[in-house]
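Enquirer: These protein sequence lines are chains S and P, in that order. The first sequence maps to residues 25 to 341 in the numbering used here. The second sequence maps to residues 2 to 543 in the numbering used here.
Keep in mind the hints are simulated off the structure, nothing from the lab. Don't take every hint at face value.
[To be verified] Now the in silico label distances, taken between C-beta atoms and shown as ranges: (1) S/Leu101 x P/Gly422: 34 to 40 Å; (2) P/Arg62 x S/Pro139: 49 to 55 Å; (3) P/Ala337 x S/Leu174: 23 to 29 Å; (4) S/Leu174 x P/Gln286: 47 to 53 Å.
[Unchecked claim] Quick list of in silico lysine to aspartate or glutamate cross-link-like pairs, DMTMM-like style, CA-CA up to 20 Å: (5) P/Lys245 x P/Asp214; (6) P/Lys472 x P/Glu398; (7) P/Lys209 x P/Glu181; (8) P/Lys432 x S/Asp61; (9) P/Lys432 x S/Glu74; (10) P/Lys485 x P/Asp359.
[As the list claims (entries may be wrong)] Some residues of chain S that are not near chain P, with every Cβ distance over 10 Å (derived): (11) Pro73; (12) Leu79; (13) Ile257; (14) Arg296.
Quick caveat: nothing in here was measured; it's all calculated off a predicted structure. Ideal Cβ positions, reconstructed from N, Cα and C, are used throughout, including at glycine.
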Amino acid sequence: MNLAVLRLVLVRIATAILTLAFVSAAVFAGTEILPGDVAEAVLGQNATPEAIEGLRQALHLDAPAYVRYFLWLGALLSGDPGRSLVNNLPVAGLIASRLPNSLMLAGVTAVVSVPIALTLGILSAIWRGSLFDRVASFLTMSVVAVPEFLIATLCVIIFAVHLHWFPALSYADGIVSLHQFFRVFALPVFTLSCMLIAQMMRMTRAAVIDTLRSSYIEMAVLKGAQPMRVALIHALPNAIGPIANAVALSLSFLLGGVVIVEIIFNYPGLARVLVDAVSVRDMPLVQACVMIFCATYLFLVMLADIAGVLSNPRLRH
Amino acid sequence: MNSDSRMPLIGSRDKLCLAKMLRGSATRRDVINMLMAAGMSAAAAGTIASFAETAHAQTPRGGGKIRVVGGLSSAVETLDPAKGYIAVDWCRGRMFYSGLTVLDETLTPQLALAEEVASSERATVWNIKLRRDVRFHDGSPLTSADVVYSLRRPRNPALGSGIRIFAEQMEEITASGPHEVRIRLSGPNVDLPVILAAAGVVGFLIVKDGTTDFRTANGTGPYKCAEFRPGVRSIAVRNTEYFKEGRPYLDEIEMFGIADELARVNALLSGEVHLISGITPRSTQQIASVPNLALFETKGGGYHPLVLRLDREPGSNRDFVLAVKHLLNREQIRRAVYRNFAVIANDQPIDPTSPFYDPGLPQRPFDLDKARFHLQRSGFANQTFPMVVSPAATNSEEIAQLVQQTGGQIGLKFNLQRVPGDGYWTSHWMKHPIFFGNVLPKASPDIIFTQIFQSQAVWNQSGFRNERFDKLLLQARAEADTSKRREMYGEMQRLVHEDSGECIPVFASTLDAHVSKLKGLRPIPVGPMMGYNYAENVWLDQ
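Here chain S stands alone, though its shape is the one from the complex (with noise of 0.2 Å):
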């Protein structure tokens, strides 16, 4: 079983070394390829012939392309992702006031979706096509079809400017106690919540249903086990991995996917950092977050495979 497990979590830090190394050399070209780099960017309409040069030198912009990259990578490689190009402060810094706020409340919200999506999902696969299912069903979709800009400003609308009753500011400083953080969270999680929920739902729903139409299951019915035995004992450990893997699909969305809930609420997360760094051309920090975003998506589909080997004693053993 450890070996299986070793295996696989080997492998992967091979292919993640190589695919962040693809990915950083990837976004590198596409940041060359939008128009304008930083020096025009940064100067805006002030940018005068002159001005621009002067910029590109003390930037090193005039050098080739493959040597910004490769002196980028060493940088990176000896441990420091380099300094802002428009304001000068050291990457580092920028994204270590940014990434616990983003780990937070991707945290947070996984807390609270997770579990209500595997509950609803396993629930309306037992009960598939009962009053409840298509309930449970009609009312995801729905929220899943609504744009999360809609939900998150309808949101600052009525529980904000009408009833007060939470901030239309999230700001996660200084919090200290529960009901601080409470009042904090709720908008944004339940924003966020709302999308996750019924594509991890609709994800569970499927995959517990497949495993329920196996023979092995009609075996177990025809035996005699009871309906939610049949599903939690027999169905559910066989449908572990594909559930693990739509789980993760949508908790990595939830570290550089969630710029329009960052806006609204004017959450100091990463995925706003991006934005702003790739709307001046500033290449060290759009590579630092793409990096970060990039590796955690690695990291979740590998724990998501791991709990698929370990749920599927084929593989196991």
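Knowing the structure of chain S, use the given hints to seat chain P on it.
Expert: Just chain P, lined up with the frame of chain S:
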């Protein structure tokens, strides 16, 4: 700017009545209702009600804490006063640092860190005496070395400063004493005090000699920097040793940016913040309808021109340019696009808030007959021309649609080409025959004429070339007599009005909104939030 120019709709006697009424029992909403019953638009009524409120208790109080929201946010915000590029940067610059001079509401430079600013040799050599009672936030005294360092710094091309072209005019900057600085310009310029106060946006702010680390701010400004995290927030606490007696008033200002306008407005509506910037006219009614909120309009010289390149077809044809200029239905643009938060312009860039505005220049009317006449003479009738619009050029799409519509009536067709805002200024601006620009309010005619209309100016959007204009520009810089300068600038306004390729329909106001108990805001026409200088002026009426 006097208050009369903000109040075009009612006379001063009515205004007094209104102010009295406000001091009495009438609420803001009562006043709005009264004015609207009298047939005034909601937006105009809101403006007047917010004026009338300032008639309330005018003695500033100390203490309190406010949260202020700028219209943009970025992970790469900076405390380097020579590098700021969005509103929160400029506001922080004015909170934490001071300049040698500062502009007042009439755009007249006033002394700040300087005690005396004197020129000689026809405004080529300037001697500046510094105040001796000023300390940086770290306790060290202000000396001429700090000023020399701060004025020289933006010249370094590696810094990428937007005020570099102004810094380069100062050929020689020397400390002539511990509290005296001598500046020799490359040519005469009587506007140096204005340039020091407002070149670029916030002018030349003074940092400590040798500063290169801007993780925090060590300036002489009204507030000290207690926390700065780019893209998250800054916390400013009162500088008890600020050199202006009695200022600032507040204990603490928290400032951050929110890019989404709706989110900004909601934050204000829910009572979590006190002052927000970057309001578009479409949010004004919602804000005016809430009793304890007020709009703050700043009229000024910002504009969004439709630009015809004069060095390419069809703009190289003078009649074509005149046809388009007569095609602008300025009244309609003001009403429909700006909801009346704008002032009719006359195809020249000096607006009525400027002391050098020439009211004698006849207003070019919306005149389809004249437009048709010039179009026929140009030989471009019944042709279609591409017109480039972009979200980066504010309101370009809306104005373009109106021009397209009126153009259709005389057989002039425009084909709107929409390009993304990202990269607009480098990839599209000035690179097409017909496009839109976005000009921020400028502090003096010299600054805007030098930057955009001088023949050699790099941002000469329309490719306007005029020898007489260039000559007048240099003459006006050396002219100490204000009335003579006004004459020169008047002639230059006429030249631009007649021959430039910039069609300027209106001057757009900038709009902020705030809780009514925040007092002390007065428009300074170089930008929103008192020309980004709200921090030392506002106070809370608790």
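Enquirer: Decide, hint by hint, whether the structure agrees.
Expert: Comparing the hints with the structure gives:
Our hint of 34 to 40 Å for S/Leu101 and P/Gly422 holds, since their Cβ atoms are close to 36 Å apart. Against the hinted window of 49 to 55 Å, the Cβ-Cβ separation of P/Arg62 and S/Pro139 comes to about 52 Å, which satisfies the hint. At roughly 27 Å, the beta-carbon separation of P/Ala337 and S/Leu174 lies within the given 23 to 29 Å, and the hint holds. Between S/Leu174 and P/Gln286 the beta carbons are some 22 Å apart, a value that contradicts the proposed interval 47 to 53 Å.
Distance check on the hinted pair: P/Lys245 and P/Asp214 sit about 27 Å apart at the alpha-carbon level, beyond 20 Å; violated. A C-alpha spacing of about 36 Å is found between P/Lys472 and P/Glu398, which places the hinted pair above 20 Å, so the restraint is violated. Between the alpha carbons of P/Lys209 and P/Glu181 the distance comes to roughly 16 Å, so the proposed pair stays at or under 20 Å and holds. As the CA atoms of P/Lys432 and S/Asp61 are separated by approximately 18 Å, the hinted pair is consistent with the 20 Å bound.
Straight-line distance between C-alpha atoms of P/Lys432 and S/Glu74 comes to about 18 Å, which keeps the hinted pair within the 20 Å bound. For the hint linking P/Lys485 to P/Asp359, the alpha-carbon distance of about 13 Å falls within 20 Å, and the restraint holds. Taking the minimum C-beta to C-beta distance to chain P, about 7 Å, the non-interface status of S/Pro73 is violated against the 10 Å cut. A beta-carbon of chain P comes within 10 Å of the beta-carbon of S/Leu79; the shortest separation is about 4 Å.
Distance to chain P confirms S/Ile257 as a non-interface residue, since its nearest Cβ pair spans about 48 Å, more than 10 Å. The non-interface label for S/Arg296 is inconsistent with chain P: the shortest C-beta to C-beta separation is roughly 7 Å, within 10 Å.
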